[in-house]
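Engineer: Now for the letters of each chain:
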Amino acid sequence: MNWLTNFVRPKIKALVGAKPDVPDNMWHKCPGCGQMLFHRDLEANLNVCTHCDHHLRLPVLKRLASLFDDAAYTRIELPKVPVDPLKFRDRKRYTDRLKEARNKTGEEDAIVVGHGKMSGVDTVIAAFNFEFMGGSMGTAVGEGIVVAAHLAVQQKAPLIVIPASGGARMQESILSLMQMPRTTVALQELSEAGLPYIVLLTDPTTGGVSASFAMLGDIHVAEPGCMIGFAGRRVIEQTVREVLPDGFQTAEYLHEHGMVDMVVSRLDLKQALGNLIHMIMVKKISGNVELITRESIEDHLDQSDEEGDLKVASGPVEQPIPDDPKPKPIKKDDD
Amino acid sequence: MRNFLDFEQPIADLEGKIEELRHLVDDGEVNIADEVGKLQTKANKLLTSTYAKLSPWQKVQVARHQDRPHCIDYVNALIEDFTPLAGDRNFGEDHAIIGGMGRFRGQSCVVLGHEKGNDTESRVKRNFGMARPEGYRKAIRLMELAERFDLPVITFVDTPGAYPGVGAEERGQAEAIARSIEKCLQIKVPLISTIIGEGGSGGAIAIAAADTVMMLEHSVYSVISPEGCASILWRSADEAKTAAETLRLTAQDLKELKVIDTIVTEPVGGAHRDPAGAIQSVAQEIENHLKDHMALDGGTLRSKRREKFLAMGRP
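Here the protein sequences line up with chains A and B, keeping their order.
The first sequence: position 281 = 281 (the numbering used here), numbered continuously.
The second sequence: position 223 = 223 (the numbering used here), numbered continuously.
Careful, some of the hints might be misleading.
Unchecked claim - With a cut-off of at most 20 angstroms between alpha-carbon atoms, the simulated EDC-like pairs for lysine to aspartate or glutamate come out as follows:
1) K255/B / D84/A
2) K92/A / E170/B
3) K92/A / E245/B
4) K53/B / E170/B
5) K87/A / D253/B
6) K92/A / E239/B
7) K304/B / E192/A
Unchecked claim - Covered stretches of chain B (chain A as the covering partner; in silico rule of three or more C-beta atoms under 8 angstroms from a C-beta of chain A):
8) 163-172
9) 176-186
10) 215-227
Hints were generated in silico from the structure; no laboratory data involved.
Please read these numbers as outputs of a predicted model, since none were measured by experiment.
In this text, a Cβ means the ideal position worked out from N, Cα and C, and glycines have one as well.
Isolated chain A, as found in the complex:
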């Protein structure tokens, strides 16, 4: 079989020629309603089901593009961290797991930090990549949050963190646990600089991530239906020995229990977050409001480049600031 699959099949493929380049899955089945969704329709709708509004996972780079003005942002290169300091090996080596995840995602680790404008306001976003080992938090992810918070302080910009994580990365054991106080210190510096910290909770946010920076936001926004909690469902069921009700640990459940300020559809997030940031950062619209300009960002970035601790990677196309940075207020039902 090995000989057939590894040797014969590639030879035949090479002779016949590779298949035309089409996505593997042209159609996706919505886990919410079971309807088939055409991949282009789904993408155009930010991976929200067009039939039942179920929120499928959104790849991290698309997430960033969906939030920044004109989808333009600069990606911040993160400093390298020690690889596998504990020489961890379960059924597989951690280094192999890392390699696999890197090949699969093309990313170094489970976090991406971007810097751009939202509603015309200079903003830093740190977003998790769930595709990378379940978005688990090790030293590299901690580093991402620390860098993002420091950049926000430096730029006097608000910070948005978007967790999508099963929690601590077990392969980094105690060092992953230590990222909980570590990220907390970075956020304290942000808070003491008087800058807002907004958490956008997405599916899932659990364990060590929810029990640290993900629950320390000034404002907590969550996507509909996403799972948020401390302990996993299975662990709780084993502990209390009963089946948990539907809807337990969902965004709506947390909203009901006072842990989340609002549950907002992905399609309205850009406006909702932009609106919050604008209200906090631009206190008076008439009069002498100094909006941060593209030049001042570049100055800041140049400085940070010289300091050598933050490197700016070339990101998507930079766009001029939109003419009307003030977002329209969104309509929200009050209950």
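Assemble the complex: chain A is given as a structure, and chain B must be docked to it using the hints.
Structural biologist: Relative to chain A, chain B alone:
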């Protein structure tokens, strides 16, 4: 009656034999005191050598030993005029975390710690040392109180982890832990934590982001229990022993990784063989570190604490 762990069986056999021989002496038989003496030396040697090279999994068992001194024993032995303070002022009182004020070697202080209980009734009352959100919120309240009145905080960590229950989730377990960690890193008074048994994940770090973090020689501290880790990564709880070895959860490992600051030596055969001795060793270390921290002004102290945690995991 001493409770022996599985790996202590050879020691248990020897000590049993000694006990038997002693009874014979009492019966007025031939002088076998020499024999008892020899066996005693042998037993002591075996105990010392066994405990000198405990495997991580054996340390997990020692850390969970039912006779190991618990938080309440430290409080009773070390804190004069201990005055328990209860409640989070929001929901309730959590008996899994002991909190209060007292005097440690003459110095007024706030004391916090997980308590597992020592018999069925107290274990149920203490929820086996697994705190709920109100426990962490009580800890936050008492740390705030300590800061307002300029009192150092001493914490004792001994928990399998925060309680994974429906009510705990409903009341925001994650948020309570996050805020408790935040409070540890916010207060401008000395904070000293000792892991006296089990340091179970988020439930432990919630009161252990301290100026000095100490561990008893055979205590353990980890992101997840070996059983939990085994069932996730090995898909079998039977691999707990392997997981314990892989997780690097011993005091010696954590000192090497610079996650903790000090290891407190335990009496030969573990803290459960000589609770009073273990408690005094911990007290001595607390006193030494407390003196150092109290010499600093609050701002400097807090900056140093924050810098320490900000560097965790950096090369």
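Engineer: Evaluate each hint against the coordinates.
Structural biologist: Status of the hints after comparison with the structure:
Only pairs whose Cα atoms come within 20 angstroms are accepted, and K255/B paired with D84/A is accepted, the gap being roughly 18 angstroms. As the CA atoms of K92/A and E170/B are separated by approximately 36 angstroms, the hinted pair breaks the 20 angstroms bound. Restraint check: the Cα-Cα separation between K92/A and E245/B comes to about 15 angstroms, which is no more than 20 angstroms; the hinted pair holds. The hinted pair formed by K53/B and E170/B fails the criterion: a straight-line CA distance of about 44 angstroms is larger than 20 angstroms.
Our distance criterion of 20 angstroms between C-alpha atoms is met by K87/A and D253/B, whose separation comes to about 13 angstroms. For the proposed pair K92/A and E239/B, the alpha carbon gap of about 14 angstroms is at most 20 angstroms, so the pair holds. Between K304/B and E192/A the CA atoms are separated by roughly 17 angstroms; this keeps the pair inside 20 angstroms, and the hint holds. A count of 9 residues in the segment 163-172 of chain B with a Cβ less than 8 angstroms from any Cβ of chain A is obtained; the coverage claim is therefore met, three being the minimum.
Requiring three or more residues with a Cβ within less than 8 angstroms of a Cβ of chain A, the coverage given for the segment 176-186 of chain B holds, as 8 such residues are present. Coverage of a stretch by a chain is defined here by at least three residues with a beta carbon nearer than 8 angstroms to that chain's beta carbons; for the segment 215-227 of chain B and chain A the count is 4, and the condition holds.
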